[in-house]
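Visitor: Protein chains in written order, with my numbering: chain A, 1 to 330; chain B, 1001 to 1375.
Accuracy of the hints is not assured; some may be wrong.
[Stated by the list, open to error] Just some of the chain A residues that point at chain B, by a computed CB distance under 7 Å:
no., residue
1, 10
2, 140
3, 327
Hints in this document: simulated from the structure, not taken from any laboratory. Note that the structure is predicted; figures quoted are calculated from it, not measured. Each residue gets a CB set at the ideal place from its N, CA and C atoms; glycine is no exception.
Chain by chain, the residues:
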Amino acid sequence: MQQLVTASATIVIGVFGCVGYFFASNLILDAIFPPRGPNAGRNISRAAGVRPWLFLGPALILLSVYLVYPVFVSIWLSLRDSTGARFVGAANYTWLVNDVKFRESMVNNFLWLLFVPAAATFFGLIAAALTDRIRWGNLAKSMIFMPMAISFIGASVIWKFIYDYRGEGQAEIGLLNAVVEFFGGTAQTWLTLPFWNNFMLMAVLVWIQTGFAMVILSAALRGIPEETIEAAILDGASPLQIFTRIKVPQIWGTIAVVWTTITILVLKVFDIVLAMTNGQWGSQVLANLMFDWMFRGNDTGRASAIALVIMLLVTPIMVWNIRNARREMR
Amino acid sequence: MENIAGTRSGLVWSVNLAVLALVLLWTIPTFGLLVSSFRDRDQLTTSGWWQAMFSSAQNIVFRAAAVETQRQNGAQWVIAGSVLGPAGGEVKAWGISSKDPTAFAPGAMATMADGSSATVAVDGAYRLSAGKAFEGRSPRLFVTAVTPPRFTLDNYRKVLFAQGLGRSFLNTMTVTIPATVIPILIAAFAAFALAWMEFPGRALIIATVVGLLVVPLQLALIPLLKLHNQLGIGKEYLGIWLAHSGFGLPLAIYLLRNYMVGLPREIIESARVDGATDFQIFVRIVLPLSFPALASFAIFQFLWTWNDLLVAIVFLGNSADQLVMTGVLKELLGSKGGEWEILAASAFVSISVPLVVFFAMQKYLVRGLLAGSVK
Chain A
1 MQQLVTASAT IVIGVFGCVG YFFASNLILD AIFPPRGPNA GRNISRAAGV RPWLFLGPAL
61 ILLSVYLVYP VFVSIWLSLR DSTGARFVGA ANYTWLVNDV KFRESMVNNF LWLLFVPAAA
121 TFFGLIAAAL TDRIRWGNLA KSMIFMPMAI SFIGASVIWK FIYDYRGEGQ AEIGLLNAVV
181 EFFGGTAQTW LTLPFWNNFM LMAVLVWIQT GFAMVILSAA LRGIPEETIE AAILDGASPL
241 QIFTRIKVPQ IWGTIAVVWT TITILVLKVF DIVLAMTNGQ WGSQVLANLM FDWMFRGNDT
301 GRASAIALVI MLLVTPIMVW NIRNARREMR
Chain B
1001 MENIAGTRSG LVWSVNLAVL ALVLLWTIPT FGLLVSSFRD RDQLTTSGWW QAMFSSAQNI
1061 VFRAAAVETQ RQNGAQWVIA GSVLGPAGGE VKAWGISSKD PTAFAPGAMA TMADGSSATV
1121 AVDGAYRLSA GKAFEGRSPR LFVTAVTPPR FTLDNYRKVL FAQGLGRSFL NTMTVTIPAT
1181 VIPILIAAFA AFALAWMEFP GRALIIATVV GLLVVPLQLA LIPLLKLHNQ LGIGKEYLGI
1241 WLAHSGFGLP LAIYLLRNYM VGLPREIIES ARVDGATDFQ IFVRIVLPLS FPALASFAIF
1301 QFLWTWNDLL VAIVFLGNSA DQLVMTGVLK ELLGSKGGEW EILAASAFVS ISVPLVVFFA
1361 MQKYLVRGLL AGSVK
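Excised from the complex, chain A in its bound form (with noise of 0.2 Å):
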């Protein structure tokens, strides 16, 4: 209960000291620069150049220590010895190059780039295009969007659920095995399968990331114009004519950015495998690599090397977004 307090305290101190802060400096800048007397034009501008920086103060010092300084540090870091005390050069990517369970990582991250984005929009957009044409459509979309509010970590004690093994002579409980021996089939240990095990992990983060995309999508699907539609009905389009032919082209951009955005998650992607398999069997993805260095094999080295490659995926589209939002301001 105590520490409830004292996060309470927190926050209240928190509040009445960002405000201080804002409130108090605007206070001072007037008193410097007072926008009254003799030099009131120049006193005013002035003040006007200094006072974005005191609003914005704050919010960059905390970026540019929790976000750009750690970047710079990383690489540092990554040229480094386990602990940081000597220069190594290259060596932690030369290793990182040789490494079994690296190049694993790359090949599962690379599936998951496949497979996740792709899975996640097709049914975001079929679900979207569907529940807009029922009555229920609103209560059907707010179901399979309700995973959004589960953690990954939640989310993996009920997959691991429905993939649960009991083993011969016993009643499987897990819902996928007991649905395989429904219609004949044997059950398995779907967690510990290689290669196919990777696909059991990204069904949670597509289920979960659906609902995101059909929320995206169903917003552009109505936003596109009516003419259009009625155009193509007045030509004898069937329906799925004209959802194919007719409404997808109009929103490629926005499934442009559905995808890049799951693309980002699924490169950061860490709780799942952590919780799921630990990166076994064959199921190692970069960021639990990443975190199996930092924590179990205390080398800030090669998990600094590490966080770089994620970062290095990552940029492209982050170049992407840059592109994008500049053009828009303009």
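Once you've looked at the hints, dock chain B against the given chain A.
Guide: What follows is chain B alone, placed relative to chain A:
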């Protein structure tokens, strides 16, 4: 229009069915865990949750009550009791050896290797009797019984009070609330400056914020942990509040700026003409008008910090007063992977709050998503 032209009853039906299939596929996993979290431990491991409403057949290995409980009845020594719990059930068959666990029908009399005799009735009552006192460990009985469905709150009672999840719930709250409130304020001021103030370098800062949106968290962990350790906040709540605030800022600034830019220019211009300072414009006009965007971000940040595992295990310790619920789940998955009743109840406690927030504030969440995905 489209509906008029496309309305064929067959099509409408198939669309409804397809959506129903999707909805079932997406809700059944969670529903399964929810049902399981209320099930009795023994039933949970012997039958699927979809059979929860039906009686289930169970193979029970039962060790008779300890020899100290035996009573002398004339020349006979007797151990008696029930092989079924208080919920009852029906014994189908039983045996005295693991090689043949269904050897006897209920009510039959069996003779054990040591000469004592045993019987198990349909209602589960058993009775062992012998001419001399029982010694050592009491014998085992193998029973096949059909037990009625049992639902219980015991799992929740156990995880919340005995397993310390209640404490973790408080820890999670302690992490989440300041980590949600603090970045909002900082980001709101920054977003206002980026949206409505003219100054050199503005475009560059906006581009940087967009770029920082995708910087992987993994990159920040080691340098920041080192920094926090040097500052002495390595395993403190203050450290994780600052970390979550820093990581949430790009999205906050981006969302709020996009929203604030869209506010009508006339309102802000006329306030300026009337002599309002930037600070007054922000506090009196822009902040109240931006409420929907603030709410959107607050929900995002709340869900993200509540559900986060990575930042919590890096910046907080493993002790009882710091372990958050996602951390508890992770440890349970590692150490008690088989105890589904504990896992299911713990998972549900942990996802209940985000689910409530989700269903209550879905409108704002959707709005935020639409504004926040980089177009």
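Visitor: Decide, hint by hint, whether the structure agrees.
Guide: Comparing the hints with the structure gives:
no., hint, in the structure
1, 10, "holds, 5 Å"
2, 140, "holds, 5 Å"
3, 327, "violated, 10 Å"
Of the numbered hints given earlier, the model fails hint 3 alone.
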